[in-house]
Amino acid sequence: MIPKFIHLNTRSDYSITSGLNKPQELIQRAYTLNMPALGMIDYGNFYGVIKFYQAALKYGIKPIIGVKLRIKFNFIPNTDSIINILAINKIGYKNLIILISKAQSQKNSSNTIDNNIIIHQDWLVKYKSGLIILSGGYYGDFGRYIVNKDYDHANLFIDFYNTYFSDFYYFEIHRTNRIYEEQYIKCVIQLSILKNIPIVATNDVCFIHEHGFDTHNIKLAIDQGVTVNCNKNNGYYSPQQFLKTEHEMCMLFHDLPEALQNSVEIAKRCNVVISTGKYFLPVFPTGKINVQDCLFKKSVQGLKDRFRNLYLNQKNRMIIFEKYKKRLFTELDIINKMNFPGYFLIVMEFVQWAKDNNIPVGPGRGSGAGSLVAYVLKITELDPLKFGLIFERFLNPERKSMPDFDIDFCMDKRDLVIDHVAKFYGLDKVAQIITFGTMSARAVIRDVGRALGYPYGFVNNISQLIPLDTGITLKQALSNEFHLIELYQKNIEVKRLIDIAQKLEGVIRNTGKHAGGIVIAPKKLTDFTPLQCDNNFFITQLDKNDIDYVGLLKFDFLGLRTLTIMYDALKLINQFLKRTDKSNICINNIPLNDHRSFQLLQTGNTIAVFQLESYGMRDLIIKLRPDCFEDIISLIALFRPGPLQSGMVDNFINRKHGKEPIFYPDAKWQHISLKPILESTYGIILYQEQVMQIAQVLSGYKLSKAEVLQRAMSKKKVQEMSDQRMDFQENAKKNGISYEFSNKIFDLLEKFSGYGFNKSHSAAYALISYQTLWMKSNYPAEFMTAVMSADLDNVNKIHISIKECIRMNIKIIPPNINLSEYCFKVNSDRNIVYGLGAIKGVGKSVVEEIMRVRQRIKKFNNFFEFCTNIQSKFINKRVLEKLILSGCFDCLNIRRDRLMQSIEQAIIFSNQYNNLKCINQLTLLQPMYQENKILNDQLIKNKKIFWSEKMELDFEKDVLGFYLTGNPLREYAIELNYYINVSNTKNIFITKKNIKKIFGVVSAIRFKITKKNKRIMFLEITNQLHDTEVIFFDHLISLYKNKVKKNDIVIIFGKHVLSNPLKSNKIIADFMMSIDEARNFYIQKLILIINNDTFYTDILHDIKKCILSDVGGKIPIYLRYNMYNNQSNFKLHARWNVSLSEKLLYNLKILLGKNNVYFTF
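With the numbering used here applied, the sequence shown closes on residue 1161, and no number is skipped along the way.
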């Protein structure tokens, strides 16, 4: 049946700023409506074009590819217009790619409107071949001119298109109930007849169904950061911009049948075919020899180089060399047959460049670590034969797929390697790969809530009920979260919010860059994909899946923070070795059986050790007690949900420690030939490679065929598994193995392959784990210094590392204005000096200025000297406060509270000093030097205390994130110990036995709603030695939630919960009291001492002022006069009894002195 209308102008959510539906959804709707073709025209990009094309082919619909662009014309300066451009053929498709890329590459703030890129008239003329132009309707190139009867300007547009696009230009018309559309249509019809330019009807589709209009409006509001009522696009869109049926469009334009028919004619003219099924490999320059010979030559030489370093005994070297050479030639044969020699040379080149330029590179990652060719080319650092790694797991001639080396680089220097590759192959041939951010469950609730104008607290409370699980959907949250379900069912506003959010969930929100994806093309990238720019570097507009679809090769340049740590630690270690006249260490040459390393490993104290530092992993380590490198490889493979949940881990541990017999692989179904394969894993099939090797040994499979079997098993391909089982049994029979035995082994392989892990990846990462373990074991100060320097912006991680240093007896020198640098450092005594860069609010430029001045004057002798020497543009009041509160000036022997009071004075003095210096008034500077000394002496001599020790430490915690220089509980130690050690008979609050009593500072508070809609409150309590998690169930929360805040000192009574020894203690609370509540219950009297130093005429009057607001309590006050060797005691009248509070005690200590205020129990 011949169609009467085809939709040429639809847009998807890849338009970002508008468009609601995915390309696949548009196609599915078109298929439902029996549409033979569909056009998609997104705003300014080709982000979704491949997905649209793929979906169209899948459903048998003809894809019509286009783009909506803004264009600047020379004949109308300072104005741009919207046009819709369709590709007729492959030439037109490539020209659209060029136009989009060209506009993106030259995009700047002056030629960007509403995030839509702009092309220029001259570009359109140059790349006009294969293109059809639709005018864009009233909102298009000249619509507003003709409605306003400005025919002079309108004719300029028409003349341009008649000149350059004769027969390829159409007047586009819409009937969507938007303003001026009908006036525009009347004018266009007249011009169409007059100028002989055809008209075509479209619906400017933004959503699939009419009810999508409201949701689309909310999306627009989210994008603009306004509420839906303030949406500036109101009027630009209408509810009629949905994917109407052919019949609806025919009824709408029944008076203009030619406009309908032209949509069909255009659809017939557009026949873009995108090339697929072929890979376009970049060309590696090899000079006069071909790429195969180049790879062979470098591989053979690389093997000799490796052996020369590894096997010093020539006789042993030659015996083993033949085995390696055979494996090398086998790999090279496969690589050449699959036409990938250039790929290996490309990776070899940029990896070697990185190493030559002191950029740390990982030892390997993924199945690529199983390649001997990669090892001899120094792409990887793991000998695959030594660890039983299989090449066919990486590259299999029986399963044609692209090789995929994932290369880890130092996080800080990864971009240098990418820049090198771009220069080496050409800037127009290299790009990073785009990613798309979508509206996730939590984010979409917040976005929609803001757009609807709901209060922040209301929206935040709902979003907090959605679990943080990666990839969770609102539908899943509504199925599992009881409190969310209840709110959804009972609160109409919550239901409205969630219903709308579900419609927008998963919609494209923004673009980003792939974490490591780089594409290298054999010729300019715009022959394959449109590009855009980010910081002067190209990014593909196609994501990694679409890049693969068009045949481009992706390389993964991944940034690994651990490599940065290792590089920095190794520099520190070698600096130490140089001072002790020892040779430098090469991390790839350290022994893999270091006794000290495995001693540390077995304790589970693996904080900061790569892949081995989580609580769960440390628990597994303690149980397993690994004592060889193979055990570390196994650890990484075992610590995954499958093995942990299946019971495999327990079997593994028991077999290692002789608590369970070892079978190869099963008690009933064993075979001696499987022992060499399974011995390192105690008879358990742990790795994918072991599945392959078992198939090779029992059934005579080639490793390439065994890899196909393993992959089929892991992916649970039922029909393929059935075929493979028969083949496996038949081949095993030829080796003298019964059908019954081979069938049972196949069952075991099938079972374990679901849990099997890639040993190449596990071994490569185990090597990094071991290397970091070795550094921590042998050079702990240097290693932990590097770890903390890598975490300057993460106070939580620094706190964990600080506690680990304390556990290892490594001394931490607090921030010091005369010793500290930006990063942490190791001093000559191998103590760690705190890095100023880890202080909140102190930037790198400030620290660099401090170090520059310190290099000149050697040392800051006083506070005012510091302020006068540092340029004022670097030091302001806020920065000085951060430096003081963190303890940077403690080395000057002046209290922090005194320094804080002197900031204003110091800044004024500094400004005066520097002003005189600027005008070269040297004679006036000398008196200021003297004044500097006087001011500093005054600070030192003033011993009056303004802050308690806890106040000082609380301020320190504010800027460092934790207590470093002292214990906030130290000044409370005597009374706190009394409160928790006093007999239970006096603790009338508690009647239960076996109660655990603790005290500490509240470091964190959080709440949770259970599935039974019960509240739980969690307090994190620290007393410097231990951290404890205290759990308050629903019945206690109302009593305590408003009585506790962070940094409060509390005493907890509750039941101890047994938990993982590596984690913090857990207590289920029965009762809690603040330190003030404890004081008022246990303290018998408050004693105030007045002596010669503190006495003055109005002392009693000032004491009265201090206590007045706390009078009315139960604690009596005693005055003790120690005057001129005489002592007198007085008890104040009961009407002066007080309620003790931290504030009262603080004020009294300020008045009388810290040692003159105390109490008795």
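In short, the hints are calculated from the structure, not lab data. Wrong hints could be hidden among the right ones.
Distance condition first, Cα-Cα at most 25 Å in a straight line; then the derived DSS-like pairs of lysine-lysine [to be verified]:
| id | residue 1 | residue 2 |
| --- | --- | --- |
| 1 | K195 | K126 |
| 2 | K858 | K882 |
| 3 | K337 | K355 |
| 4 | K149 | K186 |
| 5 | K733 | K744 |
All values derive from a computational prediction rather than experimental measurement.
Now for the hints, and whether the structure bears them out:
no. : hint        : result
1   : K195 x K126 : holds, 24 Å
2   : K858 x K882 : holds, 22 Å
3   : K337 x K355 : violated, 30 Å
4   : K149 x K186 : holds, 12 Å
5   : K733 x K744 : holds, 13 Å
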